[in-house]
Each structure stands twice: as structure tokens, then as C-alpha cells.
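Peer 1: Residue 59 in our numbering sits at position 27 of the sequence shown, and the numbers go up by one each step.
Derived by calculation from the structure, the hints in this document are not laboratory data.
Here a beta-carbon is modelled for each residue, glycine too, at the ideal position from N, C-alpha and C.
You may find that some hints are simply not true.
Here are the computed distance ranges between Cβ atoms for each label pair [stated by the list, open to error]:
no. : residue 1 : residue 2 : range
1   : Lys136    : Gln93     : 24 to 30 Å
2   : Ala101    : Arg138    : 19 to 25 Å
3   : Asp41     : Ser133    : 22 to 28 Å
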Amino acid sequence: MTTTTRSRDIFDFFGLARELREMIYNDPLTDKEIGDLSGDALGIFFTATHIPRTNLLLVSQQFSAEYQAASNELATLIVGDKMCEVYDEPVQMNLPDQLRSTHKLRLNLYL
33 MTTTTRSRDI FDFFGLAREL REMIYNDPLT DKEIGDLSGD ALGIFFTATH IPRTNLLLVS
93 QQFSAEYQAA SNELATLIVG DKMCEVYDEP VQMNLPDQLR STHKLRLNLY L
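Could you put the whole structure together from the sequences, leaning on the hints where they help?
Peer 2: The following block contains the structure:
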């Protein structure tokens, strides 16, 4: 097999239009439930949406940069209250490092 034959077998992904690549990047983004960081007493849970898969970040530098940019556009942190109770005093918590780069925050509050 010659070099020219091998190069024909490789799909030119980055030759696709940027808009089409963005649609491809959005498909494997996943949601991850971070869990209840406050303990069972409060019942607050966190879910991060549109998180990139680690294995796809390792494909190449260009792929990683574009895939991460797609994730950054859509990533949202969802904070929910499992118990749906009102507390007398506000609760202060420290967020874990993986949540600090979130650009959007959605609160599921039930009144």
C-alpha cells in the first residue's frame, strides 16, 4: 500500500464546514449529576449539562479546542432542591472546582 492510498482512507474532518463540525461536537456532549454536595440535611443536588467527554478531548489539539468551545456555549449548572422545603437561614456552600467554569446557571425552585 502506498502513501497516497493511505491518505485517501483518512477522512478530512477539518475540511468540513465549521457549522457542520459544531453540530457533530454537540452530539456527544453529556450530562453529569454531581450529586448532593450539602449532605442529606438540605437535599440540594447539582447537575452539569453539555459536558465534554474526556476521551474526545484527547483526539487532537484542534478537535479539543473546538469541542471544548462547543461545550462552553451550552454548558449549564442545574441546582435543584430535592426536599422542596424553605429554610429559615441561607446556606453557604463551596462549589467544587469542576463547577467554577460554568457560564450558565439554572435554578429549579419550587415555591
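Peer 1: For every hint, state whether the structure bears it out.
Peer 2: Comparing the hints with the structure gives:
1. In this structure the supplied range 24 to 30 Å holds for Lys136 paired with Gln93, their Cβ-Cβ distance being about 26 Å.
2. Checked against the hint of 19 to 25 Å, the C-beta distance between Ala101 and Arg138 comes to roughly 21 Å, which is consistent with it.
3. Distance hint check: the CB atoms of Asp41 and Ser133 are about 38 Å apart, inconsistent with the given range 22 to 28 Å.
The structure fails to meet hint 3 from the earlier list, while all remaining hints are met.
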